[in-house]
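With the hints as your guide, set chain Y onto chain U.
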Amino acid sequence: MSKFFRVMVYEYTRHVLRWRFLLGLLSIPLFIVVVLGISILSTELQTNNDPIGYVDLASVFADPVPLPAEEGLFTSSVDILPFSTENLARQALEGGQIQGYFVLSADYLTSTEVRLVAYDPPEERVQSRFSDFLRLNLLKNQPPQIVSRLTDGTVFAIQSADGSRRMVESDWFNLLVPFAVGLIFMMVVFTSGGYLMQAVVEEKENRTMEIIITSVSPGQLMAGKIIGNLGVGLTQLMFWMLFVVVIVLFGRGRVDWLDRISVSADFLLLVAVIMLPTFVMIGSLMAAVGATVTEAREAQQISGLFSLPIAIPYWLTYQIMTNPNGPVAVGLSFFPLTAPVTLTMRAGFTQIPTAQLVLNVALLMACAVGALWMAARAFRMGMLSYGKKITLREILGRPRTSLKPREAVR
Amino acid sequence: MPAVELSHVSKSFGSLRAVDDVSFNVDRGEIFGLLGPNGAGKTTTIRILLDIFKPDHGQVAVLGGPMTEEKKNHIGYLPEERGLYQDIPVDRCLQYLATLKGLSLTEAQKRISEYLERFDLASYRRKKMKELSKGMQQKAQLISTLVHEPELVIVDEPFSALDPINTQMIKDLLREQRDRGVCIVMCTHQMHQVEELCDRLVLIDQGKAVLYGKLDEIRKQFSGQDILVKAQTTLPTLSGVARVAGQNGATRLSLAAGVTPQDVLRQLVQLNVPVEQFEIAVPTLDEIFIRVVQGEEEGQE
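If you read the protein sequences in the order shown, they are chains U and Y.
The numbering of the first sequence is the working numbering, which starts it at 1 and goes up by one.
The numbering of the second sequence is the working numbering, which starts it at 411 and goes up by one.
Extracted from the complex, chain Y is given alone in its bound form:
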């Protein structure tokens, strides 16, 4: 049974349709990317999922059914609008938030100590939250998201304000959570992070789900007729190639209609070209994102 199921969900604010017939499922033990340009409806979708907003239409099931007060104890949420109590010490703030997730004070103290050690924040535990840097507050917020060992984790831009070392640590942590069977919904604009972490994704634009599925399949779907070739010598003129362009030290060949990569490879072998790299040019998620979003906008015009 999926941990999250959204089925034909719509939500309007006055005349503005923020979410329009969006459906997707997220399984346990996967990292799921929730993508979209600014104002696409991602945050509204998350708020519907968390029962902050009621949908106008459609069904939402979280951890096997409608949201309940008890289920809130099994959900960890890192909102886009970061927020922690600024005027109290770090450990007191985290303890309060952890106890609101159903942990006993003793258990909360124990787990928070472990996380503070792991996140290099142990020496800051008595400091007021406002005395911490933005990156440290981000880590503290992640602790409050994970400390109660949730079954469903929703993280909105989890890498903002983090340096590369801490970014890597958070990635490892998210993978670790996934391996424990936790369902993770990650909302971000950083496409390379999605490529690195996510198994599946949904792309929302103007309130609608315009892409949904496994990352590999989506990339294949957008791969087209391009191949990347790197050779020790300059490439000869090849038949069936419509366009040639350089890309990161390799050559990107756009094939003419009806020509297959095997046709090109055969020619290279016959011409005895010393090939170092030959691969189907799969578009990056950035490219797919831009292509889909711009395509949607052009479609609107």
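Extracted from the complex, chain U is given alone in its bound form:
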């Protein structure tokens, strides 16, 4: 087994086999389950599934067509009961058999007046269900196409000129996918980068560097650390993605908007192309910080300086959404730290010009290589400087020697 592999396995298992990691891994799904559970419980407690009544003074519902039952994930259909007179309906309301009743006035067909009688206004879904029932029966003698056209209403769809992209109003949830993908990626990058930074700082704190570098080459050591810690982040990502997939599969057929979620292969490819150099760049910056400071706490404080810019596009969501090819969005795409999230968001709202995209990705890759170079330099200079900081100026300075005079340990 190569030493690179041993370093990688060590770096991976030292995090993954800890209770702390397991708790962190389960915390987000658990949090979501708890929040969902509380929401469901709260909805269940507030939901009133008692029947709703109606009094048809306009004789619209002679021989009514029943509305098909709609079973949601957490709700069931409310029955609609006819009453011949308003007195009977009122008695039922007072007797607690119904939660309210609608009265269609005698001149309903000309006035469209409907009166609702209830102690507390019924939920919107109940009113909506009665509207559907009313519409269905008003149109019962029309051809099915007309019924369908009138009941479904207008569907607005926006389509790109080349027909490759189409957005329908009811698919609003798909707009959230780029946000969610960006957010998940940010979490993974920072988790992995954080572990990597911690691993480098710990080598310094534990003063193990001299032993390690007399056993394994710096290249193998850094590669093992980077891949091992990336593996930790990917494990988290895979677990959480699996959780999301399970939730979506469970919810499909039960929750309307889950059925309409779709993520294109192009989008996933773009995310991969953007995120790979981003990971290398952030991971390298984290490792460089780890190599230059003396304590893990200090490293975390410094890493905040480049963590914040990554989230800037979220603060400018409105500008990016309304004008995804405008100066703000394009400008942020050219700045390496804001590019990953900006590009992901733009890809959700527009067709990014190919030349621009190629340039952005090339810039990201160049920055990743530069960050790697800086990390390697910082690592080489910082690895034997126990208890001493290395400044950015020293890292970027002339490569006269691996240690400056003040760091030299004779």
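There's no promise every hint is true.
In silico SDA-like cross-links for lysine to any residue, where the CA-CA straight-line distance does not exceed 25 Å [what the hints assert, rightly or not]: (1) Lys544/Y <-> Ala376/U; (2) Lys537/Y <-> Leu526/Y; (3) Lys464/Y <-> Phe21/U; (4) Lys481/Y <-> Arg297/U; (5) Lys464/Y <-> Arg297/U; (6) Lys464/Y <-> Glu415/Y; (7) Lys540/Y <-> Arg297/U; (8) Lys481/Y <-> Ser39/U; (9) Lys618/Y <-> Arg297/U; (10) Lys464/Y <-> Leu109/U; (11) Lys537/Y <-> Ala376/U; (12) Lys481/Y <-> Phe21/U; (13) Lys630/Y <-> Asp609/Y; (14) Lys464/Y <-> Ala296/U; (15) Lys540/Y <-> Ala376/U; (16) Lys520/Y <-> Phe4/U.
Everything labelled a hint here was simulated from the structure, so no lab data went into it.
Leaving out everything else, chain Y in the frame of chain U:
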């Protein structure tokens, strides 16, 4: 072929010349002392030897040639800056370090178990490293230095933090390694340990090798004209003796120029003095160290 060969090695950090034209060889099957005051350049020399630093000038050969990744598996290093992973169990830490030296996990586990038994650490194997005392961590570090049966061992202050019993155990272990043919470079300030263990030494001061050779020869070189005499009666006045001083229950006689120890011995016999001890007063390594280092400093001034 020597296990270590340094030839005219120099290394500077900016304007500071940390190592200045240092040369020495270390053979297999010997314990070699690398001595020097603080800041003399010992650690830099070791780091050059281990290829952590590249020399500005000179040649370094380790185990028959330049350092390679493969050779790292045959070198055991106990650095001055002690360090082990503090947050993991003792056995896991040692296994990881041993596997980085090319041992299989099974072999590493077997050897580490043996060493832990020998070093009285077996009951601590599941404890986190940070829960061990300084002395125990020192022993654990020595295990990681020796577990892969290296051909070259470099130990920097191997006796620090150890009690007399453990110090003796480490000495025995180092002798055992030497007898197996291992080349040992020992860097220490404890001169009595060097006198006890080392066959040869180099003394580095201000980056330069100021003494190099066999311990006995170096001591003879600095022995001068003093003799130690212990007698059952008070010593009479002897001709040719320039100065008389007490030393550990004996009398130290500094002889005048041109007078030999045989001249003094002859007088003692003629005067019928009951002599219990008569020997050439060889200076201790401490004395030689101080004399050389202070001499260097005076020379600089």
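Exercise for review: Return the numbers of the hints above that this structure violates; sort them in rising order.
Suggested key: Those not satisfied are hints 1, 3, 4, 5, 8, 9, 10, 11, 12, 14 and 15.
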